[in-house]
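Protein chains in written order, with the numbering used here: chain A, 774 to 1025; chain B, 29 to 383.
Hint data in this document are derived by calculation from the structure and do not stem from the laboratory. For every residue, glycine included, the Cβ atom is placed at its ideal position computed from N, Cα and C. Do not rely on the hints blindly, as some may be mistaken.
Some chain A residues near chain B, calculated using beta-carbon distances under 7 Å [said to hold, decoys possible]:
no. : residue
1   : D786
2   : I787
3   : R802
4   : L811
5   : K816
6   : H856
7   : I873
8   : T875
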Amino acid sequence: MAVVFEKTKGLTDIPFHYCPGCTHGIVHRLVAEVMEELGVLNKAIGVAPVGCAVFAYEYFNCDMQEAAHGRAPAVATGIKRVHPDRVVFTYQGDGDLAAIGTAETVHAAARGENITVIFINNAIYGMTGGQMAPTSLIGQETLTTPYGRKPGNNGYPVKMCEMLSTLDGASYIERVSVYDVKHVLQAKKAIKNAFTAQINKKGFSMIEVLSSCPTNWGLSPNEALKWIKDKMEPYYPLGVYKNTLEEVKQNG
Amino acid sequence: MAKVLMKGNEALAEAAIQAGCRHYFGYPITPQNEVTAYMAKRMPEVGGVFLQAESEVSAINMVYGAGGAGARVLITSSSPGISLMQEGISYIAGAEVPCVIANIMRSGPGLGGIQPSQSDYFQATKGGGHGDYKLIVLAPSTIQEMADLVQQAFDIADKYRNPVMILGDGMLGQMMEPVDFGSIKKGENHIEEKTWATTGMGTRKKKNIINSLELDPQMLEKHNIELFKKYEKASKEEVRYEMTNCEDAEIILVAYGTIARVAKNVIELAKRENIKVGLIRPISLWPFPVEPFEKTVDHVKGYLSIEMSMGQMVEDVKLAVNGRKPVYFYGRAGGMVPESYAILEEIRKLSGGAI
Ligand SMILES: Cc1ncc(C[n+]2csc(CCOP(=O)(O)OP(=O)(O)O)c2C)c(N)n1
Ligand code: SF4
């Protein structure tokens, strides 16, 4: 019988611990499939974050290093500077990347560090039980914004793609989502572009994925997907924010 | 090789390069800035990597990445910078990644001052970061010794898969002395293959994971016990110290690093007054050398710990002496270096008194 679908070699057999309906799992699979398709699994070195994806080091079928909260881009920098010909990536949540690790993220991008960052924006701190994230929306209720996020007290959500695309060191920056099949396929393409940018030694690449956290949003998995589309997407527009791959093509 | 006149900080950097270190991550802070400048110039010459990070927090995590990826890697800083690195140091120790960290101490607390000090002794030897872990801490007192210990530090770090700290002070970093790098064996020759490192799987069947997370308490306790077995081995095999004039000394000074040099001068001054003074100079601060105290505790009247701090090592001296003889302390803080005559005056008091 013809094989029509196979589990990617990019993932180990260890079962994910993610909540039902959480899109972390989908993104893991996309990253793994992309690495398999690009044939880089045997030269990939991943950096896991602190957050719900902390066990990413168990799931990806390649060498992995687990970093302190927010420090993944610095750890990845160290690895990449030792092995410039390997494919080095980080997988980080919004608390990790846009709060405690903002400096590490901005400066890895500014240096044009030739790494790929997969950024899961679920507008909340999942692992610690649902506190406000730097990306939480205005009015969003969380454990630490029980009356809704108010700009006067809590400031405004951080738009990482917009911010990082102003930096010369950034090569490929795109925001995607995974709330339906079409968007999942787009997300995969974006992740592939980001890894390709690294393989072509273009510099820092980041894919921001608008992702769900049904557990801490207090929504069913389906409602959560709808929430990404209806609430998050208007504030965080999808699209390519920076693309040096294209530029080179245009320049011939 | 002929001796070259060099600043302590530069000798530290050159010794690391000669020990096979090809990766340096740092962030400027006085009084160790010569290291960053030296590395920025020299690393490209030897095909290595110099990277100025955006902060000490970031720099130490680059070290974690590079060390985990199998490189010999050095990081240097001074007191406030080392404080910022404590998070990373705890992770590095937990994940058993070898690296060499140098703290060229200045005076604190807080922003403090930029003059030499030894007030980070507790931080270096008792933890500093969170969790049950140990650093192997080596304290040179001359620039030659700085160079020699840096080279050994890389081997020790690899041997134990543990961070090794070189604890110097601003005086040692800034002064110039002749150094002979000829005595340094080329580190590359005995760097063993790091089969555990994250190098990309290549043809390897099993993936490598560098990690300090263990949520199962039983497994984590097992890890803690394993770490401490390692530290126990180090506390037998890595003890280093020097004894001067201890055989018939009535008072023994205990001092490390820069101030141990002053202590040697004091021994001569005391001799003129017929006071027999000796010196125990711990070179490894962790493991702290107990043997020289065992060897002297029966015949000595007492010990005097002299430090450029408000009194930190004196606690380890007391533990080593374990109540068998009196232990005294004399120190200056704030970046002040105790002077020979002030120490001599302390000795006179002790010698004249009953002790
Ligand atoms: C230094 C430090 N501070 C705080 C924490 C606690 N902590 C663990 S995960 C987390 C938030 C993670 O949120 P995010 O990065 O958005 O990932 P998510 O869990 O939502 O996927 C925090 C604050 C920690 N582990 N380390
Ligand atoms: S808490 Fe949220 S982000 Fe974490 S696994 Fe559950 S649904 Fe996913």
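Hints, one by one, checked against the model:
With a least beta-carbon distance of about 12 Å to chain B, the hint placing D786 of chain A at the interface is violated under the 7 Å criterion. With a least beta-carbon distance of about 11 Å to chain B, the hint placing I787 of chain A at the interface is violated under the 7 Å criterion. With a cut of 7 Å, the hint placing R802 of chain A at the interface with chain B is violated, because the nearest CB-to-CB distance is about 17 Å. The beta carbon of L811 of chain A comes no nearer than 13 Å to any beta carbon in chain B, farther than 7 Å, and the hint placing it at the interface is violated.
At a threshold of 7 Å, the smallest CB-CB gap from K816 of chain A to chain B is about 4 Å, leaving the interface hint in force. For H856 of chain A, the interface hint holds, since its Cβ comes within 7 Å of a Cβ in chain B; the closest pair sits about 6 Å apart. For I873 of chain A, the interface hint is violated, since its Cβ never comes within 7 Å of a Cβ in chain B; the closest pair sits about 10 Å apart. Interface restraint check for T875 of chain A: the shortest CB-CB distance to chain B comes to about 11 Å, outside 7 Å, so the restraint is violated.
Going through the hint list in order, the structure does not satisfy hints 1, 2, 3, 4, 7, 8.
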